[in-house]
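Protein chains: 4
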Amino acid sequence: MERKIDVGILGATGMVGQRYVSLLENHPWFKLTSVAASPNSAGKSYENAVAGRWHIDRDIPPHARNLTVRDANDVDSVVKECSSVFSALELNKQDTMNLENKYASLGIPVISNSSAHRTTEDVPMIIPEINSSHTDIIPSQKIRRGWNSGFIVVKPNCSIQSYLTPVYALMNDGFNINKLIVTTMQAVSGAGYPGVASLDIIENIIPYISNEEQKTEDEPKKILGNLINGKIIPCSSLSISAHCNRVPVIDGHMACVSLGFEGRKPSSLEEVISIWNSFTSVPQKLNLPQAPTQPIIYREEIDRPQPRKDRGADKGMAVSVGRLRKCNVLDLRFVGLSHNTIRGAAGGGILNAELLFKKGYLQA
Amino acid sequence: MERKIDVGILGATGMVGQRYVSLLENHPWFKLTSVAASPNSAGKSYENAVAGRWHIDRDIPPHARNLTVRDANDVDSVVKECSSVFSALELNKQDTMNLENKYASLGIPVISNSSAHRTTEDVPMIIPEINSSHTDIIPSQKIRRGWNSGFIVVKPNCSIQSYLTPVYALMNDGFNINKLIVTTMQAVSGAGYPGVASLDIIENIIPYISNEEQKTEDEPKKILGNLINGKIIPCSSLSISAHCNRVPVIDGHMACVSLGFEGRKPSSLEEVISIWNSFTSVPQKLNLPQAPTQPIIYREEIDRPQPRKDRGADKGMAVSVGRLRKCNVLDLRFVGLSHNTIRGAAGGGILNAELLFKKGYLQA
Amino acid sequence: MERKIDVGILGATGMVGQRYVSLLENHPWFKLTSVAASPNSAGKSYENAVAGRWHIDRDIPPHARNLTVRDANDVDSVVKECSSVFSALELNKQDTMNLENKYASLGIPVISNSSAHRTTEDVPMIIPEINSSHTDIIPSQKIRRGWNSGFIVVKPNCSIQSYLTPVYALMNDGFNINKLIVTTMQAVSGAGYPGVASLDIIENIIPYISNEEQKTEDEPKKILGNLINGKIIPCSSLSISAHCNRVPVIDGHMACVSLGFEGRKPSSLEEVISIWNSFTSVPQKLNLPQAPTQPIIYREEIDRPQPRKDRGADKGMAVSVGRLRKCNVLDLRFVGLSHNTIRGAAGGGILNAELLFKKGYLQA
Amino acid sequence: MERKIDVGILGATGMVGQRYVSLLENHPWFKLTSVAASPNSAGKSYENAVAGRWHIDRDIPPHARNLTVRDANDVDSVVKECSSVFSALELNKQDTMNLENKYASLGIPVISNSSAHRTTEDVPMIIPEINSSHTDIIPSQKIRRGWNSGFIVVKPNCSIQSYLTPVYALMNDGFNINKLIVTTMQAVSGAGYPGVASLDIIENIIPYISNEEQKTEDEPKKILGNLINGKIIPCSSLSISAHCNRVPVIDGHMACVSLGFEGRKPSSLEEVISIWNSFTSVPQKLNLPQAPTQPIIYREEIDRPQPRKDRGADKGMAVSVGRLRKCNVLDLRFVGLSHNTIRGAAGGGILNAELLFKKGYLQA
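Chains as they are written, first to last, in the working numbering: chain A, 1 to 364; chain B, 365 to 728; chain C, 729 to 1092; chain D, 1093 to 1456.
With the rest of the complex left out, here is chain A (with noise of 0.2 Å):
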């Protein structure tokens, strides 16, 4: 590779922002040369910045560290910086969609965690071992939008992440799955900084997350729909009900699953593990560097898998599965788990910039 490609980071210093910059270490086609947050950061070096609130158990990379913050508004001054931008940012749904628009119009490719635009009907909402086709639509966005080498991709909520993927493997392998029940349970990592209050959580669950649900019904029916005329019609035959949990874990999103076939049943739940475990898709093929190596891991453990301990499997990227049994009301019952902060929000835009690369999207 003859020079790694320059990139930003909008809203670097909250949570998913810091991930970035850890994650974005060392990476083989990407540097890490811009990054922007709110107008009180800007003009500080990155370290100053994040001073008294860096998450991440590892420090800063040295690296980052000296970067000069810049005021995401200021999108002159990014955009000289660097030549894609990953955006954190934490603003408001219009606020958000005004400014990734913008980075969008001056050129500049937007791979987005926020969820401003993933119910706008010509940006694809991506999970690279589901969806990578959805970037076909790249080309009539920019048209309909008038924008240049510029356009905008996002990736859905952190909450779908831990058993869609699952879910999406035995639809691959030819099965109608047409309705899941699912009950969350979400770390609070979840919520950003400083997000949920202490005396909120310890000792204590709180079954309720803002908007959460709904994100979690209506994602995956977008993630899963088909690309028609420069248009991404949602999956309309799966029926999804979710009951979103906030509990006391730090990183590592967990669902219980009861899901529903329509016509042919796998035979039996070997054959359900068998193509769990083997499932691979567009990044491993890719050899994508963020993508884990085995997308779906089955923990044959009776108690697993848990948050603390499979978060981390495959560096944060692979879901976790576990317990898979009959369920007496809908067909199968498991447990999916993965990490929220790597798999659903950095690491998962990281996967996305690299297929967008690897498929000519990206310019240096």
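Treat the hints with care, since some could be wrong.
Output of the computed footprint for chain B on chain D, the stretches with three or more beta carbons under 8 Å from beta carbons of chain B [as the list claims (entries may be wrong)]: (1) 1275-1285; (2) 1288-1302.
Negatives, chain A to chain B, calculated, CB over 12 Å [as the list claims (entries may be wrong)]: (3) 101; (4) 138; (5) 192; (6) 268.
These are computed hints drawn from the structure, not numbers from a lab. Glycine included, C-beta positions come from ideal geometry on N, C-alpha and C.
Chains B, C and D: place on chain A using the hints.
Chains B, C and D in isolation, oriented as in the chain A frame:
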């Protein structure tokens, strides 16, 4: 009331036994006169026997401190001291059955928390708000076994108490519920002491509790069953699928429930809430001392019930529910919560004893 | 008692304010008639103002639910409704001083939890078991400031309450303690709400609390000081060194203490324990309703006191101590514990008010 | 290096044993060839023996999975498979001594984590950064006991590792420290598995750890002692007073330390920090693989070190210190932190083995 009934506790030094000791302080009808446990504890004062492992957040009641602990296997020593026993034995199933049978055969009513006799056809498993009439099986139980004044009554597993009464309240109002998918988040006190290792549960969730899902799926059917010819015929029209999880909470089992109706459905969420809030049953009508005033409390707050905040509702005896909403796969969704060592164990046992007393089954 | 004193709470919606509301329910001498908070809450019912952030594990007292919250800055509206106020303001120091002064100048006795006036020379800082006589400074405080019936009394920081009474009990028995090294482990409720972020404290310890060590080192000297010529002259013979840590506990501050004597030392550990267990003081003699029966409870168990198990001792007002043993560097070591939002905050404030009432400083 | 040394682990299935297994994966000098444990585990594959209780957050190293677990008492079977052993036995003191002696008598160097031999006069207790020269006692140990190539070396208790190296670094620079008051906050992993019950430690602190304070007070004196006539004469000029607490943290022991100097004192806090940050010792000079690059890392942040954020410093082998400030009673105060199962247990043991190898005490 002329004089109180002398009661004993089998397994008085364990977690549930301690709750019994605490809740029986100043009981208007019952007087704790005998505490029995394993041979290790026998001969010690109760205070010494629980030294270093008293887990209730109030001190040992003064009256109980100096009771001499009996060996629960030394039945004669116990029956001399009391006329009824609460069984919180932590032996294996066969030993528990044998010992409970022995007490009953000696004329001692046994109100049990253990799971040993829960599947015995002629032993009623009672939640007094639901199936108080199942006590009618006691005479035929006595005849079949040749017991005189002794008999055995059990209470169900703690995991089902957070949602079964709300489900029953709807059935009681004429709605036919035929499908339940339940994900529980259960407190560590449910596993006894020492129970769950801190290394397993701090900053973690364990998606498995031994035998718990089967109990959660089977026991409601017996409770909702019909008494026919001296046997309890389980309800066959209800399918239950349970996901049971252990969470880092001290007390309070929570459940996320999706349920489906066969036939008529409630006309609105408000109708359901109204049914719940106005539900009362036999324990309320009989003014049983341990009974909650309002057995089901619907919390209007969007993020309730929560274990730490709601487990203590009405001295730990009320079931708190919340977040009632439509389910996209079945019909309705809600969250239920109850205190597992009070409503779900010792408090539930005492309520059963109060019911039995009022019905004339217990004598001084 | 002919009629109760109407009292108000400034900062009634915060953590400490909520404890006041809860503890004042059914108080024999005081009636809560006014709740004041920030302009945001003004005009709402108290119930609405604390919706979603009520942190007490019992529901809001019925009487308080419908009180209309006043803007604490709108002094006139508050003084119309009550004749004394508890201040749990969470403003900055200068604004707190100004506002508390204003209430006092309008004839309202102010019993404050805030730290604003703790270093004011003529404002007594009172733990009634230790320095109830410091109320004697009130007349000169009034004269100096030209106040009529109004005045200001404060209570000290929650961090010192777990060990200062035990230390004082020994001083009161004639022992001269001149050195204290204290390591505190403090609950998250001490930081208010939202306070400590769960991301910072779950499965972690934070060895720093802003300004806490200085308060812990300075305030005991004033409490143990002498009232001379209308000023409180701090005790100069005692050196204190504090290490303050935040721990993942909801309520209950614990302290590990090493102390040194100058001159005579206790003859045995038993002597110290006896002094502690038999210590009583003015609140007990006056039968103040909020006073603990036994202010210092020595726990004989090798591993007590513990926050979760002992914070509630005597309705949260007793200090629990344990593990008394020789220190290899100074003279003695022990562990102390008190409930930080009851004894260390609202309960302590109410006890102060009761003392003032008995001494004739509060009028209906 | 021509070939690796074959090493075994006694107590390989326990918490510390598991850390050894994990840390020895791909070790440049040592090859794990034997795993021994209790008779229960004997004959099983290592993978089966630890099923359901593997506590490291990475999976079992592939090479170790299929090693057959030996009965540690069956000494012959172990000595056939390795030439040195790490002892992480969890037997009582006498049984541990006997078994370690037996291995040594058969020519096997024993590097032990257990406390059994820590007070044995001719057994060196080594922290390689402090007293690597104590290995010089090995020849006289062998002669006295008639051992040939076998001998015993121990590492100290995990509780002292968070502050003793920083204390030593100052002594090493010529300062005479004679007083230490230490309050530890220790992680649950220090108690092994199942160890601390979740019911005891969730939302709680336990101010007592059996035997821990005595170890914390005695062991530093031996480590800082002098080797005279084949015996280690403990340092007599240092008084230590320890308060040991168990806290709800998985890994990482923290200590709040007050210390006093006799004679000359550092001229400034900066001087102390400089001594710490620049301190290196024998393991660094010898480039031992397990040695941290910088053994003592001073954190400038006001609220560090913290267990969750700093325990992993330099692969868990560095000691993190912070909050250096004057003490009002003694001279200086600081906070120290180290990883109790890496630096304080298995990592420390491996570092000892590396030192012994470099000094020629271990043979292939």
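Comparing the hints with the structure gives:
no.: 1; hint: 1275-1285; result: holds (count 3)
no.: 2; hint: 1288-1302; result: holds (count 8)
no.: 3; hint: 101; result: holds (32 Å)
no.: 4; hint: 138; result: holds (31 Å)
no.: 5; hint: 192; result: holds (17 Å)
no.: 6; hint: 268; result: holds (19 Å)
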